[in-house]
Amino acid sequence: MERIPILKMGEYLLVTIQVDMHDRLAMTLQDDLTARIVAAHAKGVLIDISALEIVDSFIGRMLADIAAMSRVLDAETVVVGMRPAVAITLVELGLSLTGVRTALNVERGMDMLRHRIRSRLDG
Amino acid sequence: MTVLASDARAVQTSEDVVAIRQAVRKRAVELGFNLVDQTKIVTAASELARNTVQHGGGGRVIIEAVEDFGRRGVRLTFEDEGPGIPDVALAMKDGFTTGTGLGLGLSGARRLSNDFSIQSAPGKGTRVVITRWR
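The listed protein sequences derive, respectively, from chains A and B.
Position in the first sequence (from 1) plus 15 gives the number in our numbering.
Position in the second sequence (from 1) plus 24 gives the number in our numbering.
Hint data in this document are derived by calculation from the structure and do not stem from the laboratory.
Some hints could be false.
For lysine to aspartate or glutamate, the following EDC-like pairs were computed, each having C-alpha atoms within a straight-line distance of at most 20 Å [as the list claims (entries may be wrong)]:
no. : chain 1 : residue 1 : chain 2 : residue 2
1   : A       : K58       : A       : E122
2   : B       : K50       : B       : E105
3   : A       : K23       : A       : E107
4   : A       : K58       : A       : E107
5   : B       : K50       : A       : D35
6   : B       : K148      : B       : E91
7   : B       : K117      : A       : E107
8   : A       : K58       : A       : D46
9   : B       : K50       : A       : D137
Coverage of chain B stretches by chain A, computed from C-beta distances (three or more under 8 Å per stretch; other residues unrestricted) [to be verified]:
no. : segment
10  : 55-64
11  : 96-110
Even glycine gets a Cβ: it sits at the ideal position worked out from N, Cα and C.
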């Protein structure tokens, strides 16, 4: 069965979406990712969507759901690499991705995750 | 309005939704749409195709390149013979949903297109036509 790979890097999980996802594939990713967060004791999830040519309401909801579920499982999620045309379209569509943290690229996303996890440990 | 090119596709499965996104993108590129306009019409197509699959029980789409008074655009006609929409005005509101989605499909597709029309009645199916001009 077709699946989107999830890479483990230390206490983080990295997902790079490189295909035009149909809805079932998106749902499978959501299930796989929540299972992996628990199994790997992950503290952070980075989702790279720089290859995605569109984000419609279904994919937008998937991203918001992943962020919400990972929060409940004590992990932070950052979505990185959204293309400008995708961002413009998302806002016009009416999606604000409330509760989803975003960063420009993978490097900044990793910085954001490290910072948030460190400040949580300190607090 | 002149139709320059036209093709019809089935809208039955979530794989069809992906294929429709790609076909609409190709048409928009051929017409010289810029990246933002391509993204908008493809996203609108994705929303309407998913509605056709989930609420209309499947149907078909006609993807056309059209010309009107010297301007060119992509026109999409989604048709199904599903249960229809009892209250179209209500279904057009942001956040209204009978399914599990966000209720942005119809209202979002309207915002992402230049022309939008919908015909639907209980038991008569649904037909949505959108056009985005270059």
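Given coverage of the segment 55-64 of chain B by chain A, tested with a Cβ cutoff of 8 Å and a minimum of 3 residues: holds (count 5)
If you look at each residue in the segment 96-110 of chain B, do at least three have a Cβ nearer than 8 Å to any Cβ of chain A? As far as the segment 96-110 of chain B goes, the hint is violated, because 0 residues have Cβ atoms under 8 Å from chain A.
Going straight from one Cα to the other, do K148(B) and E91(B) come out at no more than 20 Å? Since the Cα atoms of K148(B) and E91(B) sit roughly 30 Å apart, the hinted pair is violated (cutoff 20 Å).
Mind checking the alpha carbons of K117(B) and E107(A) for me, to see if they're no more than 20 Å apart? The given pair, whose Cα atoms are some 14 Å apart, holds under the 20 Å limit.
Decide if the proposed pair is consistent with the structure: K50(B) and D137(A), CA atoms, cutoff 20 Å inclusive. violated (51 Å)
Given the hint that K50(B) pairs with D35(A), test it: the Cα-Cα distance must not exceed 20 Å. Holds, at roughly 14 Å.
Checking one constraint from the list: CA of K50(B) to CA of E105(B), max 20 Å. Satisfied? Violated, at about 27 Å.
Are K58(A) and E122(A) close enough, with their CA atoms no more than 20 Å apart? Roughly 17 Å between the alpha carbons, so the hint for K58(A) and E122(A) holds.
Is K23(A) within 20 Å of E107(A), Cα to Cα? Violated: K23(A) and E107(A) sit about 35 Å apart, past 20 Å.
Keeping to a limit of 20 Å between CA atoms, is the pair of K58(A) and D46(A) held or broken? Roughly 17 Å between the alpha carbons, so the hint for K58(A) and D46(A) holds.
Is it true that the CA of K58(A) sits at most 20 Å from the CA of E107(A)? violated (33 Å)
Checked against the numbered hints listed earlier, the structure breaks hints 2, 3, 4, 6, 9 and 11; every other hint is satisfied.
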